[in-house]
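One letter stands for each residue in the lines below.
Number of protein chains: 2
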Amino acid sequence: MQKQAIGRQVLDRTITSVQAVETCIERIEKHDGEIGSFVSLRAEQALAEAKAMDASPSRGPLHGVPFAAKDVFDTQDLATEYNSPYYRGHRPARDAAAIALLRQAGAILLGKLSTVEFAGVGQVPDTRNPHRPSRTPGGSSAGSGAAVGAGLVPLATATQTGGSTIRPAAFCGVAGFKPTWGRISCEGVKPFAPSLDTVGFIAEDIGLLQSAAAACGLEHDFPSGFGRPMRLGMYPTPYFSEAHPETRAALEHAAAVLRQAGHSVESVDGPSGQQELNGWQDTIMLGEGVHALQAEYRGHPDLAHPGVRALAENHRKIDARKVSAALDEVAALRPRFERAMQGFDAWLCPAVPGEAPRFEEGNGLATFNRLFTALHLPCVTVPGHFSERGLPVGIQLIAPRGADMRLLGVAQVLEGLFSPA
Amino acid sequence: MQKQAIGRQVLDRTITSVQAVETCIERIEKHDGEIGSFVSLRAEQALAEAKAMDASPSRGPLHGVPFAAKDVFDTQDLATEYNSPYYRGHRPARDAAAIALLRQAGAILLGKLSTVEFAGVGQVPDTRNPHRPSRTPGGSSAGSGAAVGAGLVPLATATQTGGSTIRPAAFCGVAGFKPTWGRISCEGVKPFAPSLDTVGFIAEDIGLLQSAAAACGLEHDFPSGFGRPMRLGMYPTPYFSEAHPETRAALEHAAAVLRQAGHSVESVDGPSGQQELNGWQDTIMLGEGVHALQAEYRGHPDLAHPGVRALAENHRKIDARKVSAALDEVAALRPRFERAMQGFDAWLCPAVPGEAPRFEEGNGLATFNRLFTALHLPCVTVPGHFSERGLPVGIQLIAPRGADMRLLGVAQVLEGLFSPA
Numbered sequence: 001m002q003k004q005a006i007g008r009q010v011l012d013r014t015i016t017s018v019q020a021v022e023t024c025i026e027r028i029e030k031h032d033g034e035i036g037s038f039v040s041l042r043a044e045q046a047l048a049e050a051k052a053m054d055a056s057p058s059r060g061p062l063h064g065v066p067f068a069a070k071d072v073f074d075t076q077d078l079a080t081e082y083n084s085p086y087y088r089g090h091r092p093a094r095d096a097a098a099i100a101l102l103r104q105a106g107a108i109l110l111g112k113l114s115t116v117e118f119a120g121v122g123q124v125p126d127t128r129n130p131h132r133p134s135r136t137p138g139g140s141s142a143g144s145g146a147a148v149g150a151g152l153v154p155l156a157t158a159t160q161t162g163g164s165t166i167r168p169a170a171f172c173g174v175a176g177f178k179p180t181w182g183r184i185s186c187e188g189v190k191p192f193a194p195s196l197d198t199v200g201f202i203a204e205d206i207g208l209l210q211s212a213a214a215a216c217g218l219e220h221d222f223p224s225g226f227g228r229p230m231r232l233g234m235y236p237t238p239y240f241s242e243a244h245p246e247t248r249a250a251l252e253h254a255a256a257v258l259r260q261a262g263h264s265v266e267s268v269d270g271p272s273g274q275q276e277l278n279g280w281q282d283t284i285m286l287g288e289g290v291h292a293l294q295a296e297y298r299g300h301p302d303l304a305h306p307g308v309r310a311l312a313e314n315h316r317k318i319d320a321r322k323v324s325a326a327l328d329e330v331a332a333l334r335p336r337f338e339r340a341m342q343g344f345d346a347w348l349c350p351a352v353p354g355e356a357p358r359f360e361e362g363n364g365l366a367t368f369n370r371l372f373t374a375l376h377l378p379c380v381t382v383p384g385h386f387s388e389r390g391l392p393v394g395i396q397l398i399a400p401r402g403a404d405m406r407l408l409g410v411a412q413v414l415e416g417l418f419s420p421a
Numbered sequence: 001m002q003k004q005a006i007g008r009q010v011l012d013r014t015i016t017s018v019q020a021v022e023t024c025i026e027r028i029e030k031h032d033g034e035i036g037s038f039v040s041l042r043a044e045q046a047l048a049e050a051k052a053m054d055a056s057p058s059r060g061p062l063h064g065v066p067f068a069a070k071d072v073f074d075t076q077d078l079a080t081e082y083n084s085p086y087y088r089g090h091r092p093a094r095d096a097a098a099i100a101l102l103r104q105a106g107a108i109l110l111g112k113l114s115t116v117e118f119a120g121v122g123q124v125p126d127t128r129n130p131h132r133p134s135r136t137p138g139g140s141s142a143g144s145g146a147a148v149g150a151g152l153v154p155l156a157t158a159t160q161t162g163g164s165t166i167r168p169a170a171f172c173g174v175a176g177f178k179p180t181w182g183r184i185s186c187e188g189v190k191p192f193a194p195s196l197d198t199v200g201f202i203a204e205d206i207g208l209l210q211s212a213a214a215a216c217g218l219e220h221d222f223p224s225g226f227g228r229p230m231r232l233g234m235y236p237t238p239y240f241s242e243a244h245p246e247t248r249a250a251l252e253h254a255a256a257v258l259r260q261a262g263h264s265v266e267s268v269d270g271p272s273g274q275q276e277l278n279g280w281q282d283t284i285m286l287g288e289g290v291h292a293l294q295a296e297y298r299g300h301p302d303l304a305h306p307g308v309r310a311l312a313e314n315h316r317k318i319d320a321r322k323v324s325a326a327l328d329e330v331a332a333l334r335p336r337f338e339r340a341m342q343g344f345d346a347w348l349c350p351a352v353p354g355e356a357p358r359f360e361e362g363n364g365l366a367t368f369n370r371l372f373t374a375l376h377l378p379c380v381t382v383p384g385h386f387s388e389r390g391l392p393v394g395i396q397l398i399a400p401r402g403a404d405m406r407l408l409g410v411a412q413v414l415e416g417l418f419s420p421a
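Taken in sequence, the protein lines are chains A and B.
Letter by letter, the first sequence follows residues 1 to 421 of my numbering.
Letter by letter, the second sequence follows residues 1 to 421 of my numbering.
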């Protein structure tokens with residue numbers, strides 16, 4: 001199902017932007033009936049914009065590259081519905097900040113992508129894993145993972161509050177990036193839990209993630225450090241017992257190719273207290289989430305999915321003191337994690353427990369994502385591995401807050417080792 | 001300039017909602033030419049809505065009460081311009097979450113209020129202190145403080161990233177409330193620094209702040225604790241040397257009336273490290289703020305005020321590691337502050353250094369606000385004191401995160417002691 005890198009070809013001027021957009025539209029028409037990733041399309045306008053890009057000097061690091069947006073990002077050209085009955089036909093007046101930045105950098109908005117309702121609770125879209133339609137693509141950025149995984153579009157926006165960017169990318173066999181919390185504006189993105197919500201990207205390769213990061217103003221403000229040889233930590237996380245054989249095999253293979261290329265991979269461990277991180281993330285997510293949908297729920301309780309109702313009514317009875325305590329515990333671990341990471345270019349760890357579950361079983365678990373979202377660390381998933389059944393599993397790289405561009409550099413080295421030219 | 005409490009009269013059904021709206025409009029027409037607090041007005045629609053409210057059973061805790069919104073809150077009925085050339089005529093498709101919640105609770109939107117550009121940088125509105133037009137009303141919620149201070153409207157929304165709610169309320173002689181960070185959704189409010197931005201309110205009295213808090217879903221999830229007698233701490237903050245005589249006198253008077261009424265007021269101090277808090281708040285505000293306006297600035301650098309340019313170009317050269325370090329230092333102090341506050345109903349401290357400065361000298365300092373914004377603590381300013389020149393100075397009460405309703409209860413006791421019936 002994986003196709004040749006369209007974004008790279010546009011940026012290298014191997015193909016025109018018009019050709020890229022036409023290819024995407026053809027593939028969407030051919031394959032998306034089965035996959036169900038796009039919720040809207042602006043084919044004609046995108047083609048007109050591509051034509052203008054082909055005739056103009058470069059506007060930025062994504063000049064002429066088609067992309068699509070998870071339908072929790074405001075777009076002034078297309079409805080923004082969050083997969084929710086509360087927002088049928090909603091047309092924001094402005095693009096979300098991240099959408100505006102991508103378009104200013106020359107990217108062309110092709111359409112909107114399916115999402116779990118409000119990026120976390122409520123109805124699940126009927127979007128299928130492009131590697132096997134009986135499987136979930138992961139969520140909540142279901143359409144972003146599936147569309148890029150199917151080669152329908154080279155770049156998609158995503159968000160992560162628990163595991164909503166890394167998980168679908170890893171399940172769909174593509175590259176995914178959750179930046180450091182707070183480094184890309186969340187303006188115009190439906191909020192869920194403000195101390196966790198992070199704008200991310202899913203792309204056909206790491207290079208395109210670098211271009212998207214540059215378009216959003218992420219700069220090399222960390223010493224790039226790596227070079228040859230790199231020093232990596234192998235971090236099992238406190239939850240390694242939940243990793244399936246395919247994830248374990250992927251990590252072993254990654255370590256082997258890295259060592260073979262002359263890099264070091266050492267076993268590392270996080271600070272004490274780390275085993276509680278996923279629990280604290282859950283408390284923060286649901287505790288802050290109580291406030292996210294009050295206006296919708298109080299205005300029209302009749303429209304609420306049971307998941308929305310449970311969140312807004314705080315069925316878990318998470319009070320303000322529990323949220324504060326969880327925030328404080330996580331905050332205390334952040335500097336301790338980063339001290340442990342000193343001297344390493346990045347740490348390698350699982351991205352997902354294993355291959356994508358069957359569609360009926362849900363989105364899969366965010367076991368290897370929640371802790372890092374809470375810690376505000378940048379995370380990248382690199383594709384290249386498959387389970388015995390032929391389904392993709394990504395591996396994950398993490399780095400200290402702010403080291404986003406360095407992390408993407410490490411990921412690109414690893415991507416090259418997985419698929420030598 | 002202070003008028004009889006309109007909001008209270010509406011809620012008590014002493015006057016109708018139509019009478020309240022008519023009174024507000026008359027006062028705006030008569031006084032706002034000199035004050036300059038409103039940037040837009042929807043008089044006819046507000047009157048029609050008031051008529052409907054008068055004819056209907058109560059819709060919630062603000063039934064029939066007119067309010068106005070700082071022009072950084074999205075409103076579907078009125079332009080939302082952030083006092084910025086980037087957003088002339090901007091019409092969002094939906095109300096900000098807080099606006100929607102107030103309206104669902106029966107409040108009637110009367111108009112929009114002036115703000116410093118983007119609630120923090122850029123151009124300052126020509127809004128004057130209603131107690132003396134040669135003085136600033138404070139900022140960035142300049143119009144919110146001035147309009148409520150002049151009795152033009154009983155309730156206004158505000159925001160605080162540094163001191164933008166408490167400071168204008170204290171300068172304009174009215175009640176102001178900055179809730180615990182994260183307890184009221186910031187959706188639809190222009191973001192500046194996401195780990196600091198907080199939705200707040202300015203009102204003619206504490207009771208109306210309680211109604212606004214209830215409308216936004218704040219609940220009594222802390223033991224209400226106080227009662228008779230209350231136990232208060234007198235907290236000078238690390239910056240007390242910057243408090244002017246009028247602020248010192250206001251605090252002494254507050255302590256005296258509290259003790260006279262049988263409550264205890266004890267000297268207290270915060271944990272070690274507290275003296276750096278305002279510096280860390282500054283690093284976080286400007287470091288996170290770098291990302292807030294990238295879409296605007298990169299899209300149209302020609303429209304940028306020098307303040308917007310300095311922020312977006314990071315003239316202070318605050319890198320990601322400095323921001324992380326400041327966030328970690330502040331986070332480590334949060335539980336230590338709250339342990340020090342245990343057993344107290346609230347702590348009493350300065351709200352502003354002293355009376356409002358001359359208009360030409362700027363908005364005044366946020367010396368006694370920045371630290372509490374960074375700590376995420378709920379803050380209330382209670383009016384009732386004046387400088388020798390007859391200008392208002394508020395005092396401030398603070399409490400642990402989540403104790404918002406308890407804090408407002410303490411503030412109401414103090415308000416009653418300042419102005420016995």
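Bear in mind the hints are in silico, worked out from the structure with no lab data behind them.
Just so you know, not all the hints are guaranteed correct.
Residues from chain B shown here face chain A by an in silico Cβ test under 10 angstroms; the list is partial [said to hold, decoys possible]: (1) Gln9; (2) His244; (3) Arg321; (4) Ser324; (5) Ala332.
Which bits of chain A does chain B cover? Going by a derived footprint, with three or more residues having C-beta under 8 angstroms, they are [stated by the list, open to error]: (6) 90-97; (7) 108-119; (8) 189-197; (9) 364-375.
Label-pair distances were calculated between CB atoms; the ranges are [what the hints assert, rightly or not]: (10) Glu242(B) - Ala48(A): 55 to 61 angstroms; (11) Arg59(A) - Arg358(B): 44 to 50 angstroms; (12) Arg59(A) - Arg316(B): 27 to 33 angstroms.
Built from N, CA and C at the ideal position, the CB exists for glycine as well.
| query | Does Arg321(B) pass the interface hint, meaning its C-beta sits closer than 10 angstroms to a C-beta of chain A? | reply | Because about 6 angstroms separates Arg321(B) from the closest Cβ in chain A, which is inside the 10 angstroms limit, the hint holds.
| Assertion that chain B covers the stretch 364-375 of chain A - criterion: three or more residues, beta-carbon distance below 8 angstroms | n = 0 at 8 angstroms, threshold three: violated.
| task | Given the hint of 55 to 61 angstroms, check if Glu242(B) and Ala48(A) actually sit that far apart at their C-beta atoms. | result | Taking Cβ atoms as reference, Glu242(B) and Ala48(A) lie about 59 angstroms apart, which means the hint holds.
| said: Taking beta carbons only, do three or more residues of the stretch 90-97 of chain A come closer than 8 angstroms to chain B? | reply: This one holds; 7 residues, not fewer than the three required, reach chain B with a Cβ under 8 angstroms.
| message | Tell me whether the statement that chain B covers the stretch 108-119 of chain A is true, taking a Cβ distance below 8 angstroms and needing three residues at minimum. | response | Violated, because only 0 residues of the stretch 108-119 of chain A bring their Cβ atoms closer than 8 angstroms to Cβ atoms of chain B.
| request: Classify the hint on Gln9(B) as holds or violated, based on whether any CB of chain A lies nearer than 10 angstroms to its CB. | output: violated, 26 angstroms
| query | Would you say the stretch 189-197 of chain A counts as covered by chain B, given the rule of at least 3 residues with C-beta under 8 angstroms? | reply | holds (count 4)
| If you check the beta carbons of Arg59(A) and Arg358(B), does the distance land in 44 to 50 angstroms? | holds, 46 angstroms
| request: With chain A as the partner, please determine if Ala332(B) meets the hint condition of a C-beta pair closer than 10 angstroms. | output: OK, holds: Ala332(B) within 10 angstroms of chain A, min 7 angstroms.
| field | Restraint outcome when His244(B) is required to lie within 10 angstroms of chain A by C-beta distance | value | Violated. Min distance 33 angstroms.
| Range agreement (Cβ of Arg316(B) with Cβ of Arg59(A), hint 27 to 33 angstroms) | Holds: the Cβ-Cβ distance is about 28 angstroms, inside 27 to 33 angstroms.
| Does Ser324(B) pass the interface hint, meaning its C-beta sits closer than 10 angstroms to a C-beta of chain A? | holds, 5 angstroms
The structure fails to meet hints 1, 2, 7 and 9 from the earlier list, while all remaining hints are met.
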